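Residue numbers (the working numbering), protein chains in the order written: chain A, 1 to 306; chain B, 1001 to 1502.
Please note that the accuracy of each hint is not assured.
With the Cβ distance kept under 10 angstroms, some of the chain A side facing chain B (calculated, not the full set) [said to hold, decoys possible]: (1) His52; (2) Asp55; (3) Ser56; (4) Gly84; (5) Asn85; (6) Arg157; (7) Thr160; (8) Gly161; (9) Leu162; (10) Arg165; (11) Gly172; (12) Asp175.
FRET-style restraints, in silico, Cβ to Cβ [stated by the list, open to error]: (13) A/Tyr156 x B/Asp1386: 16 to 26 angstroms; (14) B/Leu1305 x A/Thr158: 21 to 31 angstroms; (15) A/Tyr156 x B/Asp1176: 32 to 42 angstroms; (16) A/Thr158 x B/Arg1138: 22 to 32 angstroms; (17) A/Leu252 x B/Ile1131: 49 to 59 angstroms; (18) A/Ala150 x B/Pro1347: 15 to 25 angstroms.
List time: in silico DSSO-like cross-link candidates among lysine-lysine, alpha-carbon distance up to 30 angstroms [to be verified]: (19) B/Lys1377 x B/Lys1306; (20) B/Lys1219 x A/Lys159; (21) B/Lys1394 x B/Lys1246; (22) A/Lys159 x B/Lys1448; (23) B/Lys1249 x A/Lys159; (24) B/Lys1159 x B/Lys1213; (25) B/Lys1358 x B/Lys1394; (26) B/Lys1249 x B/Lys1341; (27) B/Lys1114 x B/Lys1159; (28) B/Lys1249 x B/Lys1214; (29) A/Lys159 x B/Lys1363; (30) B/Lys1252 x B/Lys1219; (31) A/Lys159 x B/Lys1114; (32) B/Lys1214 x B/Lys1367; (33) B/Lys1198 x B/Lys1186; (34) B/Lys1159 x A/Lys159; (35) B/Lys1249 x B/Lys1006; (36) A/Lys159 x B/Lys1074; (37) B/Lys1219 x B/Lys1183; (38) B/Lys1382 x B/Lys1361; (39) B/Lys1374 x B/Lys1358; (40) B/Lys1249 x B/Lys1312.
Treat the hints as calculated values from the structure; they're not laboratory data. Since this is a predicted model, take the numbers as computed values, not measurements. Even glycine gets a Cβ: it sits at the ideal position worked out from N, Cα and C.
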Amino acid sequence: MIEILLFATIKAGTPLLFATLGAILMERSGVINLGVEGLMLVGALTGFAAAHTTDSLFMGVITAFFAAMAAGAIHGFICVYLRGNQIVSGLSLTMFGIGITSLFGRSFVGLTISGFSKVEIPVLSKIPYIGQALFNQDVLVYFSILLVVAIHIFFYRTKTGLYLRSVGENPGAADTSGINVGLYRMSAVLVGSGLAGLGGAYLSLAYTPFWVENMTAGRGWIAVALVIFAQWNSTRAMAGAYLFGGINAVQLRMQAMGTSLSPHLLMMLPYLFTIAVLVIATLRLEKGSTPEPEALGTPYDREDRK
Amino acid sequence: MEALLKVESVVKTFPGVKALDGVNLNIYQGEIHTLLGENGAGKSTLMNVLNGLYSPDSGTLRINGQPYVFRSPKDSIKAGIGMVHQHFMLVYNNTVFENILLAVSDLPFWLDKKKLRIRIKEILDRFGLHIELDEPIRKLSIGQQQWVELVKLLIRDCKVLILDEPTAVLTPQESDRLFGFLKQFKEEGRSVIFISHKMREVMELSDRVTVLKKGTTVKELVRGEFDETVLAGLMIGTDEIPVWEKERKEFKETVLSIEHLFAEKEKNMSDLIDFSLELRKGEILGIAGVAGNGQKTLAEVLTGLKPPLSGKIYADGKDITNADSRKAYIAGIAHVPEDRKSMGIAPEMSVDENLILKSYKEKPFRKFIFQNFKAIKENAEKQIADFAIKAGPKGTPIRLLSGGNIQKVIIARELSMRPSVLVALYPTRGLDMGSAEYVHKVIMDARKDDMSTIVISEDLDELLKLSDRIAVMFRGRITGIVDPEHTSREEIGLLMSGEAAQ
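If we strip away everything but chain A, and leave its shape as in the complex, we get (with noise of 0.2 angstroms):
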């Protein structure tokens, strides 16, 4: 029982993983992006409409990539070189990803591919209780689990990474050191958009091999809300995003064996927790100080007089 939970919490905790992890790298250099939700249907349907024609997995995690790194590319220009509002951009994101993957993605209702299978990992999966769950997975669940620790490494360990976190906290500061805010800028916000298709590619080539309209029903949005839960923080992130994707699991369960309940009740408690988490997370806070990127949603003029 435990071990099937278990199960189930990885594989709905790790879309979100992918998205907040592709937040918290464009958070990071300072853009906000609240159309993480329009991204992950893009990556949906373009991952599972390749994969569908290629018979290929792999290119469906591609295309899904590349495409909504360049639906992105159109938040990132917009803020970085227009300077133009984030948040409205953001939401305009979003709203074209819902409506753009539903025309197109019409056709593509109702077909069926065969998803990403389970690869047991030898040893590891013989651990008692959680071998199974953690150590036998599809290849995206470790690809994510490795990412939170690549991103982490990046960010604290590298040249690169520690360029972009100054970017988000204080272009004006990474500017005068020679930095090339708007090219960091961008490049985090192609790169953060890509997974957020990642994130959508999975649902529909290995969560639920399938495409139906609007599939990721608001994980995009709960991953924006990670991102602060996660205070910016790669390794936090994937705590918060197992344990919604536990929340889900539960809720499911509890709906497959037929609680008093009502469904609709129980397919609000992700959202619920995401509004307690938020309480929660800003209590927390340490007075004075913000892990939130002191630039964030603010465009960067160098020739502004400040």
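Given the structure of chain A, go ahead and fit chain B onto it with the hints provided.
Same frame as chain A, now just chain B:
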């Protein structure tokens, strides 16, 4: 001798203002070159052109005779120019170490923190600096932050160092230490461009002075050709410096009394420890001390921004200890904050609106639930005329004004409430001579009307000139109260370092 760095007729326009209007500047190798000029003369703009932040509309930049175009600060760094900005370019949430790393030009992709740490420690040791590398910048005092900025330049090994008002935030001792470094740089053949409003420093350091006024070069002078009067004359031109005199006064009534005050400690900042002080009616009480010895906490407690842990504050005999900011202000305490841009104004709003930030709810600025725009406009016109504020075209966001004019707006607003007590933190920091004297005159005029003022400053000359009494703070306590007419800079300096108390 050919100039190392030559700026020829550079023009730079911002929306609505011509900040530089054909300015010329010649920097020679191995000299300390001072840029003088009032606020708004274009000094900082010119430096930002040299730094690669602003690209000029026209004009040329030559280094060793070769024309250069800086497309970004990166080009400027490559050309060997480094700058400490007036508003530091530091990442406040990152550690000192991470901030210094930004200046390392050959930073490897994989950060070997141990190795880099040793390298940075070496540089710090070479200059005898002690900075805790793992502390986040936001927990450092402004003085310490400046050392971090300086270390960044030292690491880059710049040929030309630009320091935009570096001493505005330093104690006399720290300034002397900085000057030692600058002279050392000069010996090493580097050039230093130095911006300051303090004449004593200009006279002590400069090999050459260029005076700017309204975006153009007025004159270039070498040592021997200038003295304080000559420079002041060139800088101000035909503008008048306000003159004022301090009249002798007798003080009897107490308007504000602080008794055994304790306040919460913040890291690296001294709190208030058993702090007692009396402010008398019509008196200007100066508070001297190195920044970070509790002055800011004192001002925040007095203006109600921060609650004290224990102790009492009485205004006119009324207990205002636990009043919130609004109530304290009603009790008649006005506040000129330390950081005028982040605390004193609403940057995007106009001068008119900033002038009524505190009184927008009062008559005549309110009509039922609406604002009375006519009254607001009239009030602004009067204040702008009374305080000689250069406010620019109507509706200009206040952040576009020069520092001196922003400070005038804040003071005009605070004084228009006819407060009985004014708490002013570093009221003339970063202001040019004309503006600073103006602020002094205004405070002095209000003194005639029996307003009491607490002036917190690091500029001893200012305190000696202005104050009726000077209290010296060290680590949250008062180490002594002196009479400016019977004291010396040395005596105050000793009290500031806490030595006299031991």
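Whether the CB-CB distance between A/Tyr156 and B/Asp1176 falls inside 32 to 42 angstroms
Given about 39 angstroms between the Cβ atoms, the range holds.
Checking one constraint from the list: CA of B/Lys1114 to CA of B/Lys1159, max 30 angstroms. Satisfied?
holds, 29 angstroms
Given hint B/Lys1358 paired with B/Lys1374 - CA-CA distance at most 30 angstroms:
holds, 17 angstroms
Take the C-alpha atoms of B/Lys1249 and B/Lys1312, compute the straight-line distance between them, and say whether it is at most 30 angstroms.
Given that 30 angstroms is the threshold and the Cα spacing comes to 28 angstroms, the pair holds.
Taking 15 to 25 angstroms as the hint, is the beta-carbon distance of A/Ala150 and B/Pro1347 inside that range?
Distance hint for A/Ala150, B/Pro1347 is violated at roughly 40 angstroms.
Does the alpha-carbon distance linking B/Lys1249 and B/Lys1006 stay inside the 30 angstroms limit?
violated, 54 angstroms
With 21 to 31 angstroms as the target window, see if B/Leu1305 and A/Thr158 comply at their CB atoms.
Violated, at about 41 angstroms.
Does B/Lys1213 sit within 30 angstroms of B/Lys1159, going by the straight-line distance between their CA atoms?
Cα-Cα ~27 angstroms, so holds.
Less than 10 angstroms between beta-carbons is the criterion; does A/Gly84 satisfy it with respect to chain B?
violated, 18 angstroms
Are A/Lys159 and B/Lys1363 close enough, with their CA atoms no more than 30 angstroms apart?
violated, 58 angstroms
Under 10 angstroms, Cβ to Cβ, is where A/Thr160 needs to be relative to chain B, so tell me if that hint holds or is violated.
This hint holds: A/Thr160 lies near chain B, its Cβ roughly 7 angstroms from the closest one there, short of 10 angstroms.
For B/Lys1377 and B/Lys1306, compute the direct alpha-carbon distance and say whether it is at most 30 angstroms.
Violated - the C-alpha atoms of B/Lys1306 and B/Lys1377 are around 34 angstroms apart, more than 30 angstroms.
When the structure is compared with the earlier hints, violations turn up for hints 1, 2, 3, 4, 5, 13, 14, 18, 19, 20, 21, 22, 23, 26, 28, 29, 30, 32, 35 and for no others.
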